[in-house]
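> Given only the sequences and the hints, what does the whole structure look like? Please build it.
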Amino acid sequence: MESKASILVGEYISRCYQCAICSGICPKARVKPGFLPRRMVFNTLIGHPERVINSGSSWDCLTCGLCEEKCPMNVGIVELVKSARQTGLDGFCNVAHSNTFAFYNIMASDKVNPKRKKFLAKDVEIDDNSDVLYFMGCIPYFDIIFKEDVNFEGMGIADNTIRLLNAAGIRPAVSEKEKCCGHDQLWRGQLNFFNKVAEQNLEYLQNYKTIVTSCPECYRTLAVDYNEKFGAELNVKHISEYLVEYVDKLKPNGKKAKVTFHDSCRLGRFMEVYDQPRELLSKMGYEIVEMQNNRENALCCGVPQWVNCDDENKEIRRKKMKDALETGAEIMITPCAKCQIHLKCLQRDKSEPDYNIEIMDFTTALVKALSR
Amino acid sequence: MTFEPKAVVFACNWCSYAGADLAGVSRMQYPPTVRIVRTMCSGRFDPEFAFRAFEKGIDGVLVLGCHPGDCHYREGNLKTEKKVEMTRKLLEAVGVDPRRFRLEWVSASEGGRFAKLVEEFTNTLKELGPNPVRR
Ligand code: SF4
Ligand code: SF4
Ligand code: FES
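Quick note, the sequences are listed as chains A and B, same order. Read left to right, the first sequence gives residues -6 to 365 (this note's numbering). Read left to right, the second sequence gives residues 201 to 335 (this note's numbering).
Please note that a few of the clues may not be correct.
What the hints assert, rightly or not - Simulated pairs of lysine-lysine, BS3-like, Cα-Cα distance not exceeding 25 Å:
(1) K279/B to K343/A
(2) K115/A to K289/B
(3) K256/B to K170/A
Derived from the structure by calculation, the hints contain no laboratory data.
What follows is the structure in structure tokens.
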């Protein structure tokens, strides 16, 4: 069977010499026997990509990128998974909360404009004429859905991001034309949706000199996927990257705490932003203790793109929590709103043991230590 | 051509659907705007029902259930309230006018109220014009 996957991934994978380091390091392989990234590569290599596609194993992958990080031949395993998913066989794709997330499809229409500014706190300062845009991402929606249920910080993350920018002397613009960046849909192979929102977003994004995001997924999508796929030349920065240049303007208020930093896949392994958040946190007075698996070895939160929130992936979340608890830190700081939701959800689960550690967004931690 | 709005109604079997039925057998007049979908309880309402309908171009969605305390399954309608609240907020956040989406309580004896509600809702929808998502 000639399949799209073989065309898309051929050039990336021919280097593989089947050492199986990927299968050894893969966190999913440890909780789901039979899922082996090496096997996916092997089947594609010998001309049977349909085995990858029809077995649904591309949907088992977390797209966390840990295997790629360790692969001695730099095989693009995540790219392989992505293109296998894009062949359209999404019957294996199990999206958590998919009924609630059905509202995303309305957003794809260019006839409706989402609301954003009205959700912001009163004290944040924005300026429509600024050449710096704050791309908020899905925070307003997640605020509505998850704030109450899992104690998610919600719009607080967006507010705090702007507060930090304000403290650095910048009043960013916030666009009411902003649609979802399409990250999840791109990684779930729903290219139709992705292309629609991306085209609408690019219409106004090009007008800004700098785009700041607080979400690692928006960051990766705008900075890499938009630029690669649509030939855009967006200058995108994660808030931590952007703030590092203004670090002198941020005055700590003397708050002290022992914290550990969770490197979300998109920010860490995909965009290689490891130092900036740590630098900012320690400048603001936090003592950072590292988890056993940190930086490029960091463990995934377990439910990327909301795919497969099941028992197997729950085990990965438990491991992540264990990693964090073992550091003895009071707070686990995560840059990604979704990681926060998934981990707090586990914390709230009554059938789980007590995970006695506070989970906090990166921007919130900085604002809490900021003297204002 | 004048704009004739289309709306879908989710009515629970035990109260609201019976109420709509009563409106029918009593030959009460109401605008032909609505298509009624019967659910066993208003608690069967799922946000996806509304989102899918709006995505496909419906002008309004009405959710009807028993009055609080009267739900055949005790607290189904209280859960509906929560879901509807979230759905409305999400609709507003993506840019659909929240007035296009309503939750009301209609008992089995309130045929008149059902007819009046549909009329009111139709007027609101006429004011708002067609759902912008519709091409
Ligand atoms: S680690 Fe790389 S070279 Fe080794 S089996 Fe996996 S993909 Fe192939
Ligand atoms: S991306 Fe992560 S989950 Fe997927 S195969 Fe690689 S290590 Fe495993
Ligand atoms: S049965 Fe009517 S609302 Fe539950």
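> If a hint holds in the structure, say so; if it does not, say that too.
Comparing the hints with the structure gives:
1. As the CA atoms of K279/B and K343/A are separated by approximately 21 Å, the hinted pair is consistent with the 25 Å bound.
2. At roughly 19 Å between alpha-carbon atoms, K115/A and K289/B fall within 25 Å of each other, so this suggested pair holds.
3. Among the hinted pairs, K256/B with K170/A is consistent with the structure: their alpha-carbon atoms are about 21 Å apart, no more than 25 Å.
Of the hints listed earlier, there is not a single one the structure fails to meet.
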